[in-house]
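Asks: Given chain W, work out where chain L should sit, using these hints.
The primary structure of each chain is shown beneath.
There are 2 protein chains.
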Amino acid sequence: MTNTTRITGGFWARTQELVMDVVLPFQGALLEDQVPGAAKSHAIENFRIAAGEAEGAFHGMVFQDSDVAKWLEAAAYALAVRPDAALEEKADSLIALLGRAQREDGYIDTYFIVKEPERKWQNLRECHELYCAGHLIEAAVAYYEATGKDAFLSIMQKTANLICDRFGPEPGKKRGIPGHEEIELALLRLYRLTGERRCLETARYFIDARGAEPDYFAEEAAACDWRHWGPYNGDRRYAQNHAPVREQKAAAGHAVRALYLYTAMADLVGLIDDEALFSSCVNLWQNITQRQMYLTGGIGASAAGEAFSADYDLPNDTAYAETCAACALVFFARRLIDASITPAAEYADVIEKEFYNGALAGMQLDGKKFFYVNPLESVPGVSGVLEGYKHALPQRPAWFGCACCPPNLARLVLSLGRYLYSQSGSTIYCHLFAESESRFKIDGSTITLKMTTGYPWKGDVDFAFEGNAHCTLALRIPGWCGSAAITLNGEALEAERRCGYALIERDWQSGDTLRLALDMRVTLVEANPHVREDAGRLAVMRGPLVYCLEEADNGPELWNVSLGNLTPADFTERFEPDFLGGVVTLSSPGKRRPPWQGDTLYRPAAPGADAGTEACTLRWIPYYAWSNRGLGGMCVWVRR
Amino acid sequence: MTNTTRITGGFWARTQELVMDVVLPFQGALLEDQVPGAAKSHAIENFRIAAGEAEGAFHGMVFQDSDVAKWLEAAAYALAVRPDAALEEKADSLIALLGRAQREDGYIDTYFIVKEPERKWQNLRECHELYCAGHLIEAAVAYYEATGKDAFLSIMQKTANLICDRFGPEPGKKRGIPGHEEIELALLRLYRLTGERRCLETARYFIDARGAEPDYFAEEAAACDWRHWGPYNGDRRYAQNHAPVREQKAAAGHAVRALYLYTAMADLVGLIDDEALFSSCVNLWQNITQRQMYLTGGIGASAAGEAFSADYDLPNDTAYAETCAACALVFFARRLIDASITPAAEYADVIEKEFYNGALAGMQLDGKKFFYVNPLESVPGVSGVLEGYKHALPQRPAWFGCACCPPNLARLVLSLGRYLYSQSGSTIYCHLFAESESRFKIDGSTITLKMTTGYPWKGDVDFAFEGNAHCTLALRIPGWCGSAAITLNGEALEAERRCGYALIERDWQSGDTLRLALDMRVTLVEANPHVREDAGRLAVMRGPLVYCLEEADNGPELWNVSLGNLTPADFTERFEPDFLGGVVTLSSPGKRRPPWQGDTLYRPAAPGADAGTEACTLRWIPYYAWSNRGLGGMCVWVRR
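As given, the protein sequences belong to chains W and L, one line each in that order.
First residue of the first sequence: 73, per my numbering; consecutive thereafter.
First residue of the second sequence: 73, per my numbering; consecutive thereafter.
It is worth saying that the hints were derived from the structure and are not from the lab.
One should not assume that every hint holds.
Pairs involving identical chains hold if they fit within one copy or between any two copies, as the list cannot separate such chains.
[Stated by the list, open to error] Below are the DMTMM-like pairs computed for lysine to aspartate or glutamate, each with C-alpha atoms no more than 20 Å apart in a straight line:
(1) Lys245 with Asp177
(2) Lys321 with Asp671
(3) Lys462 with Asp307
(4) Lys462 with Asp383
(5) Lys246 with Glu291
(6) Lys441 with Glu89
(7) Lys230 with Asp177
(8) Lys321 with Glu347
Extracted from the complex, chain W is given alone in its bound form (with noise of 0.2 Å):
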């Protein structure tokens, strides 16, 4: 790390202090099975009985040790946060444990210590313990970082050596790729903070390796004699195995999947020179941003598989749009930006997408319960209940069988610090715009940037410097925004803009302070005429806020209101702070439609385009916010 930043206010201090104060320990305790009526993690046992200090069976998912590894590496950015000798203290005993349960040879995966050590390495379609070790990985690297502690960096590295030595495409190594990709992005993390060169080859293997021919994962169903899940079905896309990554255009097959895949390519492009790799990451990013993204930054529209979709297929109701996915993308967009030799801002306008919206809705706003799945309509009886809207869950639940998405929020949240700026030689890029504190080194010299600011609720942005330095400030200028003006120590200033940033370039002095002053005029957006789910309709948004309106705020069956000619300045905006945890509300007219008299199905239509609408006021809240306030209707695109 060249540069760090401490969020020290505003929307984002205090959302970390959430995690911090109540996503952490209970996700912590959850681990220790210690939430009475929770479904048993069993995530620590299992280490504890593969040190052999505990009896027992393994119990829980074949990558539950994931999970302790997501907890650690958001403990890691938590520690980097704010310092907390309990949590380090929590934190380096279970690393402790890891290590007693790590065999001689590096090997650390639980389920196959404890359950069928036979038969590791010979399901890795099905097994994950390629993905597990890559998320200790990354937890160790992360931990190392926050706290300068080798002891779990150590660990890992001892499994990240029986990696390489057991995979790649020489001679006696298996040539092998993971069912679910995550070690890929994990040893290149590893390799930019140790420099080790197997690292990189061997996380470089994996993804040449992938799509090609024969299918790897039909051989060794083939070869082996058991069954994980069940058998292979042969849908090579699904683990992003249809073609070689080179000749991927399209993102296709499990979300999560894809998006750790995608991340470890552009973290690649960063490291060796190929163009070949870089187009198919521009191409792929391009897919899913301009065919394959809900308006919250939701991907992976298919709960079958949760998966991708087809082009322009982002229905609504049913959409999948996990939390998991969500974070992923934004790895994937940091990763852009840093293989970029000019980023563009679209990167960082996605990765602040999923911040406010596609991300954050997936934790309720007590830190307390969490979305998988992050649909843009909701409708009670249907959603979560029949067929077809099983997965849609109206209500965030308690805790999953599968809890993937609460550490992966967690940890996101806790390194948002990590996304604000990136630094290119002279040039500063600021990506996203919270209450923080950054010190970069530029030619030998430290300067530090502090940034003021109300935003998401305001979108004036002040920063403070201190320090001498000749350097280019480029500022994001949000692809939401319509209009925004810098003011340089009070002077109004044109600066030059490329790839959508403005550059300033100066000498900067101690006491100089730049404005960015943003638009936050609500903007009421349509999709692409190819989106069919969304045609005729609206969505509103005010900053990077997507809105949306709620039963709540606005009666039952949502799909009765319209909204007519409305336009941006039919909104009223208002500050609410004891609302939903203090947000910016907006009102509008809408029409409504009201119930019929009787009980017909069908008849003749009221003539003209209002006919029998009636006339009311809507509240939008923002999309994160919403399903906080019981049961009840949701909807973001709305009739015109």
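Replies: Just chain L now, with coordinates in the frame of chain W:
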């Protein structure tokens, strides 16, 4: 039958001819495995093997016999429509084969005779023995009524006796119920022909035992050590076994199963005095037609279980709306007419709706291909392709492994004559309009009624009387019709209305002529606001016909079409004799959202309700004729 009706010309004579000339021979050849390239039916071969006249194994579904039964029933109706020596000979020979395949005791199911003789009657939930017997009984009754020949009837009376001996509440009898209803209505049909009281009693037993505690299917599954399809999942609604029939208020479960049950219930009401059963029938009818029926008459919205969904859950693109269920709703409606002291026109409204829309759409215009599933919106690349849409094929396939719908439709179309009229004492109800000739007995004298009409394209229906009788002619004034005029012998007549029928009581004499003139103006229809999927949409009807837009006429991506402030007066009509077999097409102005320049997925909306749309002309075709011109989109409900 107290009256007989023959279709003599017009729309339905042509359709019946198509079924007789194309569908029946084709289906007959399929049953004989004589269609090159088609999947083997083996249905008749199964009977040959059962009769010991061929070697080989049973092949096909456990209910394969019912294909033969429905074909024979359709053949019977065909013989009632017009003499056909070859068809009759083929049917007679098939009936003789059935007789030879039948066991001594009357048992006739080829699956169990050939494949698992030791497992008869053990697994009623899965194995359709009573269902197949029921269809064969229906066919035998129809064949006797059409030809006067009793060979088939004798065969099936023997089977009926076996069933009556075996099942019932009496000690020593099996207290089972069928997993797929059909035997109930068949036994009642046999009772109506033969007066054999046991048939009535056994049908009544099957009806009354449904929904009883404990769950018969659970007990049966526990007692039986083999499965045909798979374990019992305990879903009692699927086969309407969740509550005693008199307590069922909402249609539930597999739609065809449900409607066959309700049909039997309504028929039973006409035979015994049972207020509770009648009221249950009416409740179920109202639930279906006021909450669970598509505008086309399609029922069973959910592909999962081919089942009823929840009230007002009527998705257009994923509709199941099985052709068989449309046929079955006609059976139910017809029995309700007979069970009512004063029938309401709403029953015949639905019968007409099915004949012209929900059922008829099941058949390609050339009679060679068939839909099982009848969606109200079809989207290329989505329908029949994506997960959740795989059932909603965009084009009629050639034939099915499960071939229930085509012969069901064939028997419905060929029995249309049975639905035109009913008689209650000296009141003749005219329910449907079609060129036809009918005979009625009134107080010992016979009168003949000839109907001449260009229906459904023209609204004039002319009745000509022969014979003399004092009676009431009750003409249905369709629910879709805004204005109807009656002229008797050239003079306008104000007829009393009752329950949707115009009543004309007089001494009718030979030469009397009556004209019913129905206003065929286009109706723009809206759905009840509780129906989410139709919110903000209109559908177009003309007469009994639901219309739709097809891509072939209106370009791709029909969801970008909207109607604006359209009124019925904006439509022009044209009969096109050489288009789609001769149809009235409609033309109206419309609006279309053009494609965007560029690849953006979302953008600020153009202001105003019409923002960015372009004027266009829409061409509407009858829904039943959709998907006869290659692959392309279709929709019934169009945005306002």
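Asks: If a hint holds in the structure, say so; if it does not, say that too.
Replies: Tested hints:
{"no.": "1", "hint": "Lys245 with Asp177", "verdict": "within (16 Å within a copy, 70 Å between copies)"}
{"no.": "2", "hint": "Lys321 with Asp671", "verdict": "between (51 Å within a copy, 15 Å between copies)"}
{"no.": "3", "hint": "Lys462 with Asp307", "verdict": "between (23 Å within a copy, 16 Å between copies)"}
{"no.": "4", "hint": "Lys462 with Asp383", "verdict": "between (23 Å within a copy, 17 Å between copies)"}
{"no.": "5", "hint": "Lys246 with Glu291", "verdict": "within (12 Å within a copy, 53 Å between copies)"}
{"no.": "6", "hint": "Lys441 with Glu89", "verdict": "within (16 Å within a copy, 64 Å between copies)"}
{"no.": "7", "hint": "Lys230 with Asp177", "verdict": "within (7 Å within a copy, 77 Å between copies)"}
{"no.": "8", "hint": "Lys321 with Glu347", "verdict": "within (14 Å within a copy, 66 Å between copies)"}
Hint check: no violations occur; every hint is consistent with the structure.
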